[in-house]
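*Asks:* Go ahead and model the full structure; you've got the sequences and the hints to work with.
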Amino acid sequence: MVNARTYKRITESTTASMLPADEDLVLQYVEHGDEKAFRILVDRHQERVFGYLLGMVRDREVANDLFQETFLKVISALSKKRASYTVQGKFLGWVLRIARNGALDHLRARKKWKDVSSSQTEDEVDYWDRLPDESPLIDTMIHRSEQSELLKDCINALPEEQREVLLLRHEADMTFREIADLTGCSINTALGRMRYALINLRRQLMAQHSKDLTEVAE
Amino acid sequence: MKNDKRDILLHLYGESESESDLRTLLRNPDLKEEYTALSEAKFRLDLRKRERPDAAVMNTIMAAARTGIEPSGMYSRVDRGPIARGSRLRKVLVPALSFAAVVLFSVGVGLFSVDWSSDQRIPLAESAVNDLVPPESLYRFVPPHRDAVSPSTSQDSELEWDDRTTLSSVNDRLNSLKPSDLLDWGESAVPLESLPNSNRPGFQTVGSIRK
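One line per chain: the protein sequences are A and B, in this order. The numbers in our numbering rise by one with no breaks, and the one at position 196 of the first sequence is 196. The numbers in our numbering rise by one with no breaks, and the one at position 181 of the second sequence is 181.
One or more of the hints may lead you astray.
[Stated by the list, open to error] Pairs of lysine-lysine, PhoX-like flavour, derived with a Cα cap of 25 Å: (1) K42(B) to K152(A); (2) K111(A) to K152(A); (3) K152(A) to K73(A); (4) K211(A) to K5(B); (5) K36(A) to K90(A); (6) K73(A) to K36(A); (7) K5(B) to K32(B); (8) K5(B) to K42(B); (9) K49(B) to K152(A).
Think of the hints as simulated: they come from the structure by calculation, not from any bench. None of the values given here were measured: they were computed from a predicted structure.
*Replies:* Listed below in structure tokens is the structure:
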């Protein structure tokens with residue numbers, strides 16, 4: 001079955017041979033200061049990077065901040081021709097690494113703030129450390145008319161590790177091997193997290209669906 | 001995770017490198033059920049609308065790309081370092097750097113003021129030879145064409161301190177040393193410059209000029 005998104009990807013990959021590669025555009029920007037080349041790069045990857053950031057931080061304003069910060073760092077690094085980006089390397093992978101560091105910094109800072117503000121004892125299991133098969137948020141979820149909002153909430157309710165792999169695969173279009181490299185885990189771990197993410201997502205959606213049916217019946 | 005379930009997932013995302021055929025895997029009811037469940041969730045995810053950043057963010061990024069410089073005050077996130085820390089650091093750094101700059105400047109000026117003239121760099125051996133006879137009484141610059149030179153024979157051109165008797169005695173000494181090119185082993189050493197055939201372009205002994 002070929003849906004609209006899959007079709008879009010197929011079209012993208014077919015026309016990819018006609019479009020300049022990321023590395024060529026980077027060179028064009030670095031060597032000749034070609035602003036248009038950089039614009040093409042940002043346009044090409046904005047959805048991937050922003051989708052990943054938004055899914056990670058779950059706050060549009062923060063995601064905008066992080067997105068801007070990421071690309072300003074990219075510009076700064078390219079302008080100074082720092083060694084962190086090599087022409088042989090993959091541009092998107094490099095950008096996502098910068099974005100991920102920013103997102104993790106933010107999440108750590110937020111976690112710290114939460115730890116200080118909440119009266120959680122050390123014996124209590126922290127949200128960041130546990131790996132539940134089902135999220136308790138599903139019970140508190142209010143009725144959603146739009147399926148996309150429901151799906152977004154279900155994704156947000158996933159444990160961090162599972163959510164990140166899901167976002168990197170579905171938003172950033174990275175392969176499982178690339179995800180493993182980026183997150184510093186084995187490919188089997190990345191696949192395992194993805195499997196649990198899909199299973200949990202389906203469970204949540206089904207639970208929400210049955211809840212909706214019950215409400216309608218009442 | 002079992003390899004079959006791993007392969008199922010890789011097949012689902014079109015990343016399978018293994019030879020195992022999907023149809024063969026799906027003959028197993030458990031795997032088939034798993035594949036169906038995962039496909040459902042994936043299908044929902046594939047339909048999801050893509051999100052884009054705000055236009056203002058894109059404009060800021062492109063403005064920075066144009067100049068290659070990060071706009072000031074761009075980072076406005078709450079979890080950034082406190083500004084006070086920066087100012088405290090500045091309070092210490094600025095005077096320290098200023099002092100270092102003044103010291104470097106002073107050292108630089110001192111080095112430039114030292115007179116590195118050539119006479120201070122004469123090798124020790126040569127200066128020792130020159131100590132035997134005052135150099136000004138032995139040498140005088142002579143251009144390559146002798147005819148063009150007007151030797152300072154006139155009384156007016158001679159300086160007052162240039163004692164003629166001293167010059168004469170030096171000249172006599174040089175004359176006595178003239179056959180010294182026939183020197184043999186064991187004879188007393190003479191300054192190299194006093195030998196008549198010494199090959200020093202542009203320089204000649206005063207005695208030879210006066211002849």
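*Asks:* Hint by hint, note whether the structure agrees.
*Replies:* Consistency of the hints with the structure:
| no. | hint | in the structure |
| --- | --- | --- |
| 1 | K42(B) to K152(A) | holds, 14 Å |
| 2 | K111(A) to K152(A) | holds, 21 Å |
| 3 | K152(A) to K73(A) | violated, 28 Å |
| 4 | K211(A) to K5(B) | violated, 30 Å |
| 5 | K36(A) to K90(A) | holds, 20 Å |
| 6 | K73(A) to K36(A) | holds, 18 Å |
| 7 | K5(B) to K32(B) | holds, 10 Å |
| 8 | K5(B) to K42(B) | holds, 15 Å |
| 9 | K49(B) to K152(A) | holds, 10 Å |
Checked against the numbered hints above, the structure violates hints 3 and 4; every other hint is satisfied.
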